[in-house]
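A.B. asks: Chains as they are written, first to last, in our numbering: chain E, 1 to 115; chain P, 116 to 228.
Any given hint could turn out to be false.
Claimed, not checked - Derived list of chain P stretches under chain E, where covered just means 3 residues or more per stretch with a C-beta under 8 angstroms from a C-beta of chain E:
#: 1; region: 149–159
#: 2; region: 214–221
As the list claims (entries may be wrong) - Derived DEER-like restraints, expressed as beta-carbon distance ranges:
#: 3; chain 1: E; residue 1: G3; chain 2: P; residue 2: T173; range: 16 to 26 angstroms
#: 4; chain 1: E; residue 1: K71; chain 2: P; residue 2: L134; range: 18 to 28 angstroms
#: 5; chain 1: E; residue 1: Q97; chain 2: P; residue 2: E171; range: 35 to 45 angstroms
#: 6; chain 1: P; residue 1: I227; chain 2: E; residue 2: Q17; range: 35 to 45 angstroms
No wet-lab data here; the hints were simulated from the structure.
Virtual Cβ for every residue (Gly too), placed ideally from N, Cα, C.
Below are the chains, spelled out letter by letter.
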Amino acid sequence: NAGVMQNPRHLVRRRGQEARLRCSPMKGHSHVYWYRQLPEEGLKFMVYLQKENIIDESGMPKERFSAEFPKEGPSILRIQQVVRGDSAAYFCASSPQGGRGDTQYFGPGTRLTVL
Amino acid sequence: KQEVTQIPAALSVPEGENLVLNCSFTDSAIYNLQWFRQDPGKGLTSLLLIQSSQREQTSGRLNASLDKSSGRSTLYIAASQPGDSATYLCAVRNEAGSYQLTFGKGTKLSVIP
Numbered sequence: 001n002a003g004v005m006q007n008p009r010h011l012v013r014r015r016g017q018e019a020r021l022r023c024s025p026m027k028g029h030s031h032v033y034w035y036r037q038l039p040e041e042g043l044k045f046m047v048y049l050q051k052e053n054i055i056d057e058s059g060m061p062k063e064r065f066s067a068e069f070p071k072e073g074p075s076i077l078r079i080q081q082v083v084r085g086d087s088a089a090y091f092c093a094s095s096p097q098g099g100r101g102d103t104q105y106f107g108p109g110t111r112l113t114v115l
Numbered sequence: 116k117q118e119v120t121q122i123p124a125a126l127s128v129p130e131g132e133n134l135v136l137n138c139s140f141t142d143s144a145i146y147n148l149q150w151f152r153q154d155p156g157k158g159l160t161s162l163l164l165i166q167s168s169q170r171e172q173t174s175g176r177l178n179a180s181l182d183k184s185s186g187r188s189t190l191y192i193a194a195s196q197p198g199d200s201a202t203y204l205c206a207v208r209n210e211a212g213s214y215q216l217t218f219g220k221g222t223k224l225s226v227i228p
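One chain only, chain E, in its complex shape (with noise of 0.2 angstroms):
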């Protein structure tokens, strides 16, 4: 059972473009959690979602973030306009179910650089 993947390992973008991050989760799962790695900093929850449900967005950035998770392929983490400060590592888990206690399997994450 191939674990949670997510590509491309690493992107390389400049300022003003777009950045397209995806995670596809651990077969059997429907629960997807993204979370961001800024350098010297702990992870920090950014979205959960379900299949084509946005269950809790709170530690989303207002604005030029955006997440899906269709109910075929990939969940999909967008980010319009990239500036410097979006550089970090963003890692996607999955769950089987959700929930308290539900464990979160981790994908390698996407280290995003923005020149």
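The hints should help you fit chain P onto chain E, whose structure is shown.
C.D. replies: Then chain P, alone, in the frame of chain E:
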């Protein structure tokens, strides 16, 4: 708002030494606490998960303890090996925010051969 602190930020020990990593959290109303390992350029590997009703969990050379009332957890690594070199992260799941994990900044461990 839950805050998680890990001390020390970095630690260097000779191979074979026993060591303790510390984690503290400000809100004791947690559901569980988890220790992760993060290798450079890689994702997080879950090491141990302690439910709020438990006092400790053990896996091989690792032992994690939890004192919920005082807001503290320790990760004990016995007979350290160079392969243990990594960043160790502590994360708590609150009773209120059921799915969010709140992470500390981690302790970077280097085990010197």
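A.B. asks: Each of the hints needs a verdict: does it hold here or not?
C.D. replies: Verification of the hints:
1. 149–159: holds (count 5)
2. 214–221: holds (count 8)
3. E:G3 with P:T173: 16 to 26 angstroms: holds (24 angstroms)
4. E:K71 with P:L134: 18 to 28 angstroms: At 47 angstroms between Cβs, range violated.
5. E:Q97 with P:E171: 35 to 45 angstroms: violated (26 angstroms)
6. P:I227 with E:Q17: 35 to 45 angstroms: holds (42 angstroms)
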